[in-house]
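*Asks:* Chains as they are written, first to last, in this note's numbering: chain A, 1 to 417; chain B, 1 to 953; chain C, 1 to 90; chain D, 1 to 168.
Calculated from the structure, these hints are not laboratory results.
Virtual Cβ for every residue (Gly too), placed ideally from N, Cα, C.
Incorrect hints may have been included.
Stated by the list, open to error - Mimicking BS3-like on lysine-lysine, the simulated pairs with C-alpha atoms at most 25 Å apart in a straight line are: (1) Lys115/A - Lys290/A; (2) Lys78/C - Lys424/B; (3) Lys54/A - Lys98/A; (4) Lys139/B - Lys154/A; (5) Lys115/A - Lys232/A; (6) Lys420/B - Lys84/C; (7) Lys838/B - Lys269/A; (8) Lys223/B - Lys12/A; (9) Lys193/B - Lys12/C; (10) Lys47/D - Lys84/C; (11) Lys223/B - Lys154/A.
As the list claims (entries may be wrong) - Derived list of chain B stretches under chain A, where covered just means 3 residues or more per stretch with a C-beta under 8 Å from a C-beta of chain A: (12) 720-729; (13) 750-757; (14) 908-914.
Said to hold, decoys possible - Here are the computed distance ranges between Cβ atoms for each label pair: (15) Arg7/D - Ala601/B: 34 to 42 Å; (16) Arg89/C - Lys838/B: 33 to 41 Å; (17) Lys838/B - Pro66/D: 34 to 42 Å; (18) Ala142/D - His675/B: 53 to 61 Å.
In case you want the letters, here they are:
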Amino acid sequence: MTRFSAFSLFAKALSGHQNWPEQWPDAAPKPAYDAIIVGGGGHGLGAAYYLAKKYGITNVAVLEKGWIGGGNTGRNTTIIRSNYLYDESAHLYDHAVKLWDGLSQELNYNIMFSKRGVMMLAHNVHDVQSLQRHINANRLNGVDNEWLTPEQAKAYCPPLNISPDARHPVLGAALQRRGGTARHDSVAWGYARAAAALGVDIIQNCAVTGIRRDANGAVEGVETTRGYIASKRVGVSAAGNTSVIMHMAGLDFPLESYPLQALVSEPIKPTFPCVVMSNTVHAYMSQSDKGELVIGAGTDQYVSYSQRGALHIVEHTLAAICEIFPIYRRMRMLRTWGGIVDVTPDRSPILGKTPVKGLYVNCGWGTGGFKATPGAGDLLAYTMAKDEPHYINAPFNLDRFRNGRLIDEAAAAAVAH
Amino acid sequence: MTGFRLETGGRVDRSQPVRFHFDGKTFQGFAGDSLASALLANGVMLFGRSFKYHRPRGLVAAGSEEPNALISVNRGLGRFTPNLRATGVEIHNGLKAFSQNRWPSLEMDFGAINDRLGMFLPAGFYNKTFMWPRSFWDKVYEPAIRKMAGLGDAPTAEDPDVYASTYAHCDLLIIGAGPAGIDAALGSMDSNKRIILMDEQDELGGGALADPSLWPWLERSVKALSDAPNVTILTRTTAFGYYHDNFIGAVQRLIDHLPEIEDMPREKLWRIRADEVVLAQGAIERPIVFGGNDTPGVMLSSAAKVYANRFGVAVGKALALMASHDSGWHDMFALAKAGVGISAIIDVRESVDSALMHEADRLGITVYLNHGVVGVNGRHGVRSVDICDYGNQQVRRIDTDALLMAGGWTPSVHLWSHSKGSLKWRDDLGAYVPDQPNENVVCVGGCSGDWDFGKGAIIDMLPTPKDQSRIKAFVDFQNDVTAKDIKLAVREGFRSIEHIKRYTTNGMATDQGKTSNLNGLQIASSALNQPVPDIGLTSFRPPYTPQTFGALAGHAKGALFQPTRTTNIDSWAQAHGAVFELVAQWRRARYFPKPNENMHAAVNRECIAVRSSLGIFDASTLGKIEVVGPDAAEFLNRMYTNPWKALEPGRCRYGLLLKEDGFITDDGVSARLAHDRFHLTTTTGGAARVLNMMEDYLQTEWPDLDVWLTSTTEQYAVIALQGPNARKVLEPLVEGIDLSAEAFPHMAIREGRICGIETRLFRVSFTGELGFEINVPTAYGRAVWEQLMAQGAQYDITPYGTEAMHVLRAEKGFIIVGQDTDGTITPFDAGLDWAVGKKKPDFVGKRSMARPDIVAPGRKQLVGLLTDDPHIVLQEGAQIVADPNQPIPMTMIGHVTSSYWSETLGRSIAMALVAGGHDMTGDTLHIPMPGKTHTAKVSGVVFYDPKGARLNV
Amino acid sequence: MILIHCPYCDEKRPEIEFANAGQAHIARPLDPSGQTDAEWEAYLFIRANPRGRHHERWRHVHGCGRFFNAVRDTVTDKFEATYKAGEPRR
Amino acid sequence: MSDALIRHEPVSETPCVAHGVRISLAPPMQRYTLRARYAQDLERVFKVKIPSKIGASEGGIMCLGPDEWYLRRQAGATIPTSEGLPVAVADVSERSICLVIEGPRAAEILMSGCPLDLDQFAVGRATRTIYETVEIILIREAEDRFHVEVWRSFAAWLWMAMTTAARH
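All chains, please: the whole structure from these sequences, using the hints.
*Replies:* What follows is the structure in structure tokens.
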């Protein structure tokens with residue numbers, strides 16, 4: 001692997017950039033692997049990288065039905081934070097945030113992690129109580145998250161409208177300074193390049209069509225559009241398509257897949273310094289390095305794999321953005337797109353073993369999977385390597401839907417009384 | 001000719017001069033000019049700077065596909081708009097436009113240093129560096145990158161303009177009013193179909209506007225369509241998105257072209273449902289890729305024709321054409337006819353149709369076949385071009401001040417693709433054209449690949465004797481993506497066109513690849529040595545062109561953003577200085593401060609008033625559901641945790657509602673009015689949710705039950721009259737109800753009249769005091785309230801708000817669902833075992849309460865908390881630990897759900913959810929807050945009048 | 001905004017009049033207390049979430065108010081049929 | 001004494017008159033929701049013909065759903081009791097107010113936020129529907145006159161939205 005650096009860039013420039021090698025080879029499937037990851041998104045590629053890097057399992061294939069990073073990895077609003085309420089969630093997401101820090105150097109690939117701060121707005125008394133509860137829990141969990149008055153919030157994010165006359169006035173905000181954004185494509189490419197350098201096969205245009213199990217029911221390999229591939233360890237990290245893959249192993253899952261839209265404005269000079277989220281008004285926004293305002297919209301109400309959302313969702317999202325940030329009303333929407341988000345009954349992920357021996361799963365991240373990319377990859381790798389979950393992902397098992405030990409962050413945010 | 005304005009021709013009104021400003025300089029154009037044509041007429045070639053290399057750029061096109069000429073328009077405070085295309089801005093007197101992305105000036109831009117460093121900034125360079133030293137990323141590199149990136153400046157003040165929106169329905173929607181679209185409209189005009197014909201330009205005609213021979217036809221057609229009652233014509237209207245089931249989003253621009261901003265919406269969002277859609281969006285000409293093809297003065301040949309024939313402007317005085325397609329030749333002939341000076345025609349093909357040769361010969365135009373441009377001289381404008389004879393590799397120089405490109409055509413299949421129609425590749429056109437539709441839609445004219453522009457050769461880029469890796473041959477002008485960037489991406493293993501697009505950013509600029517996608521595909525195709533269809537095509541997504549946030553938000557602005565629900569008594573509260581809070585969609589009075597009273601003082605006063613004499617509270621927002629029918633009691637028995645069948649008419653009962661997962665979702669006091677009629681109440685925020693949940697069970701699980709539900713939330717205004725003197729105030733006002741304790745006990749309901757108005761009078765209490773809740777028809781709520789205020793004056797009746805209500809109920813240990821419960825709490829956790837019918841075989845949520853984790857020890861349970869220092873009021877949301885000295889991360893065993901100062905008790909009180917809390921009474925717990933750790937003892941939740949003696953009076 | 005044929009109103013109405021109510025034909029067990037934890041989990045949480053033909057419930061909440069069933073392709077989002085609650089699975 | 005008590009309405013009692021349209025508050029009236037499995041059950045109670053096709057209206061009774069009707073009568077009328085019968089009658093007279101939208105632009109104003117195709121919405125039809133996010137009952141009284149029934153707490157917003165559309 002050619003090491004990336006200002007020097008290599010300079011050296012290659014002198015030869016007209018003619019001799020840059022492939023960042024990762026376009027591998028063809030081998031008959032068998034020690035481990036297979038289904039799904040070439042950030043989570044799956046990360047899992048492959050950590051399997052090779054931390055657990056010495058290098059004979060690994062990542063199977064991607066399209067092009068790597070083409071699913072939710074390349075379709076999200078790249079928000080990174082860990083200020084979750086419950087201990088389980090806080091530990092899970094903070095594990096990821098710690099890995100984000102320094103990931104560029106570890107991968108020798110600039111994934112442009114920008115610690116711009118993530119600010120969550122409180123618009124009513126109930127929001128205040130809820131965010132205070134988060135802040136207090138985060139503080140005792142060692143997760144940074146601080147309370148800002150409306151004036152402090154505006155100082156941190158000048159475009160914010162804090163007029164008390166607003167339909168949803170800002171009563172304060174919770175700020176996690178370590179939160180921010182990263183360049184989504186680079187995360188997938190960086191992991192792919194680093195994993196390939198350790199011997200991992202990145203196999204694109206290879207859709208899984210079946211899961212083969214032995215007499216005892218354990219996994220022995222996967223059928224694909226490019227032939228049968230044997231492996232006794234298969235990790236499924238297929239986001240919106242997880243239910244489909246699990247059916248191949250005879251498993252029904254507590255998942256539903258919904259369209260989620262996002263959009264960007266035309267690029268403008270730096271104007272928006274951080275990430276702002278408002279659950280009450282249903283809008284969140286940041287500005288990319290390229291200058292586009294990156295805006296997350298809501299999910300459509302019905303199950304769909306069409307990656308196609310409705311106009312009224314975008315109408316509501318932009319109305320909300322214009323209420324919180326009235327100076328952007330004349331800005332223009334440049335591009336919209338849709339992803340497929342897999343949602344569990346408690347809106348927390350499922351990350352661990354399945355009832356089928358040798359079959360592991362990482363799914364149910366809903367609208368918030370990007371932020372967890374390095375953590376999810378690392379923990380899926382750990383679970384596959386040891387055939388048992390790490391203590392951080394142990395609570396995110398399938399059994400919780402049977403025994404009732406749900407991790408329901410959304411419910412804990414509760415309803416307005 | 002004077003300057004670049006032709007003596008004659010064009011559709012501009014030469015009798016109406018228009019003065020406008022660009023970068024502070026004043027220019028004159030004519031009514032009908034676009035900013036682009038008007039500046040060209042004044043000899044302006046330089047319009048902007050490119051995104052990455054800050055290279056000087058001029059016009060490439062004449063329409064909405066223009067990638068280079070992005071400008072800002074400033075119409076005064078809050079009316080600054082960046083990134084507009086000069087080709088789409090209509091000039092008006094006083095227009096103030098500015099170039100972008102340059103400093104200090106358009107001619108002299110320091111950012112152009114990037115151009116010199118270009119060789120070190122290939123595609124994806126940012127992935128490969130800026131990583132050391134690590135700390136520099138946040139502090140140095142990223143801020144620098146951000147400063148360089150971006151195009152125009154951001155608006156800085158709130159936009160004072162308003163926007164409108166509407167739905168519309170039609171039988172036939174025609175998008176694009178060029179000849180094909182107009183023909184489609186004429187063809188259906190005589191049917192009784194409702195037709196909408198829309199076009200993004202300011203007048204109908206599309207391509208015909210640049211072809212004077214069609215103007216008589218155009219005039220006749222437009223007149224016919226305008227006169228047809230069933231045809232709606234929308235100009236300046238862009239169909240930006242094609243959604244499910246023939247639902248099209250379009251934005252109409254209403255005032256930006258007017259010199260004076262009138263009192264009307266700036267833009268209007270059209271949400272159109274059409275039975276049938278005809279797409280007639282035409283085709284976009286392709287540039288040709290060669291070194292220097294981005295020099296100002298190098299533009300599409302069709303654009304030059306538009307400027308000459310539609311606007312009467314010559315783009316140069318000696319035009320040269322670089323063609324790979326016949327259409328360019330026809331444009332040159334038209335330009336010559338319009339009186340524009342022609343220098344030469346260069347065509348990469350070895351031979352062309354003899355008719356073209358003869359016409360060129362007739363017009364005396366020098367022709368160079370099998371030649372290609374290998375160099376463009378001039379930085380801020382074309383001075384001359386070097387062309388290479390591919391036969392003998394001889395290079396010669398041709399003097400010209402404008403080089404036109406004719407690289408063939410790309411059908412505009414954007415909306416077709418939004419609608420999920422499939423595409424097929426046509427080698428002869430070198431383009432994708434519509435194949436199978438997914439909706440009731442057809443493509444006609446150019447966007448279907450059906451045009452009469454002649455034929456052409458499909459090339460990726462012009463051959464050149466120079467080292468390809470050293471020349472900047474642009475594919476995406478705005479994003480500065482060159483052919484070698486695309487080749488580099490392929491070299492680095494990016495094979496999918498989506499990868500190539502994302503790695504190079506080709507086609508991701510504000511023109512969304514209208515002029516660059518196909519050239520990018522062709523170059524990737526040869527680099528990969530695969531046919532184009534095997535590489536795929538990046539998917540088109542809405543919007544077709546960028547659309548204003550405000551337009552998409554429509555009329556949802558300010559007060560119209562979302563309804564704020566108010567009660568009939570709200571106006572009284574407002575008039576009496578109430579401070580409000582927002583709860584769900586409602587606005588509720590939080591407290592009623594007297595002059596120089598803060599919230600604390602007001603709430604204390606309100607609470608004491610209720611305990612000592614009389615308080616009055618607007619409870620109208622409580623949800624209400626009328627449950628009627630022979631099976632009403634049976635239905636409630638199945639929904640609620642507690643039994644309902646034995647409840648006597650005239651009596652009330654507290655109802656606790658779970659979701660099927662066993663967790664508390666709502667509660668409220670409900671009354672039985674008759675054997676088959678109940679009056680339910682729900683929480684304010686839960687009203688709609690509860691009704692929907694009950695309808696769900698009723699309709700889909702128990703359709704056999706004869707019972708019906710009606711929301712009566714807004715039928716009644718509800719006034720809570722609470723305090724020892726409540727009965728005394730009511731007595732003189734109420735008719736037909738014996739208010740005595742014996743006749744009308746706690747938790748009962750009576751029907752009668754108050755102040756002459758029929759009422760459902762509840763004797764209930766959320767305060768622990770003698771209390772009544774007076775339900776009257778909403779319209780009379782305020783009037784009855786005022787009567788009660790008058791009658792209660794002798795007892796110093798005190799209006800109280802939600803804050804005092806919270807304190808009063810907390811003193812009594814009454815929970816608020818959503819505050820003391822959080823969607824993970826069972827009745828047992830909340831200490832409401834008494835509200836669960838043990839003998840009932842089933843009710844919604846019962847089974848879930850038997851799940852292993854729900855019966856396991858250590859669940860969070862609701863308890864009271866009394867701080868050791870009675871003056872400390874804990875923060876709601878504060879976390880609770882058993883051992884304050886443990887290291888972080890600490891083990892948290894619970895959190896504070898409600899916490900208040902109780903003036904009545906002269907100390908603070910709190911409720912908390914604590915793991916195993918029900919067995920901890922008396923234990924000391926710790927609440928670590930920044931700077932100080934508080935201690936508190938676990939208690940019961942009823943802090944005041946535990947025996948409930950004050951109720952039984 | 002998809003168009004949905006309400007089997008009660010017998011006409012196509014715009015999506016914003018409707019509320020999706022999740023997977024169809026999941027009947028509440030007649031004797032919940034008799035259910036094993038696994039059976040109860042399946043009733044509460046396990047969903048087919050198919051890529052393709054999907055049975056789902058809608059409520060014409062801002063119309064006739066009725067819940068009904070639908071068969072819709074989750075890849076094209078196109079409806080195959082809508083039918084009244086209580087009618088057999090299509 | 002009730003005469004002494006003033007009604008408080010959520011919107012102005014002065015009509016909004018704009019080019020081609022007039023928006024006004026209808027006088028108070030009695031409103032009832034009628035529910036039953038079969039229309040006949042209600043006919044027995046009310047002794048009048050009950051329309052059974054959803055959307056149809058007859059004698060002030062509109063069929064909103066398969067088992068739901070909406071009855072509007074002028075103030076002061078009396079309603080027969082139905083206790084014990086398999087029907088449900090609920091008084092919702094004050095739950096909503098009625099806005100009258102009339103004039104050549106009436107339909108246009110409604111279409112600014114109502115997604116129904118009003119060209120297909122014949123005189124005499126009634127339906128529950130939505131204006132942007134607010135639920136309404138829409139009744140076409142005449143070619144260019146509509147009644148819009150809206151819950152009181154949403155009325156002020158709807159009034160503002162429609163009068164704004166009327167002025168544009």
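*Asks:* The structure should be examined with respect to each hint, and the outcome stated for every one.
*Replies:* Hints and how they fare:
With a C-alpha separation of about 16 Å, the suggested pairing of Lys115/A with Lys290/A holds against the 25 Å cut-off. Proximity of Lys78/C to Lys424/B is assessed by CA-CA distance (about 23 Å); at most 25 Å being required, the pair is judged to hold. Taking the CA atoms of Lys54/A and Lys98/A, the gap is near 16 Å; set against the 25 Å cutoff, the hint holds. A C-alpha spacing of about 22 Å is found between Lys139/B and Lys154/A, which places the hinted pair at or below 25 Å, so the restraint holds.
Restraint check: the Cα-Cα separation between Lys115/A and Lys232/A comes to about 40 Å, which exceeds 25 Å; the hinted pair is violated. A C-alpha spacing of about 30 Å is found between Lys420/B and Lys84/C, which places the hinted pair above 25 Å, so the restraint is violated. Restraint check for Lys838/B and Lys269/A: the C-alpha separation of about 65 Å exceeds 25 Å, so the hint is violated. For the hint linking Lys223/B to Lys12/A, the alpha-carbon distance of about 63 Å lies beyond 25 Å, and the restraint is violated.
The suggested pairing of Lys193/B with Lys12/C holds, with an alpha-carbon distance near 20 Å, which does not exceed 25 Å. At most 25 Å may separate the alpha-carbon atoms for a hinted pair to count; Lys47/D and Lys84/C exceed this at roughly 30 Å. At most 25 Å may separate the alpha-carbon atoms for a hinted pair to count; Lys223/B and Lys154/A exceed this at roughly 55 Å. Counting residues of the region 720-729 of chain B whose CB lies closer than 8 Å to any CB of chain A gives 0, so the stated coverage by that chain is violated, three being the minimum.
A stretch counts as covered by a chain when three or more of its residues have a beta carbon under 8 Å from one of that chain; for the region 750-757 of chain B and chain A the count is 0, and the coverage is violated. Proximity of the region 908-914 of chain B to chain A, defined as three or more residues with a beta carbon under 8 Å from a beta carbon of that chain, is not established by the 0 residues found. Restraint check, Arg7/D to Ala601/B: a C-beta distance of roughly 36 Å satisfies the suggested window 34 to 42 Å. The supplied range of 33 to 41 Å is met by Arg89/C and Lys838/B, whose beta-carbon atoms lie about 37 Å from each other.
Between Lys838/B and Pro66/D the Cβ separation comes to about 38 Å, which falls inside the hinted range of 34 to 42 Å. In this structure the supplied range 53 to 61 Å is violated for Ala142/D paired with His675/B, their Cβ-Cβ distance being about 43 Å.
Comparing the model with each earlier hint shows violations of hints 5, 6, 7, 8, 10, 11, 12, 13, 14 and 18; every other hint is respected.
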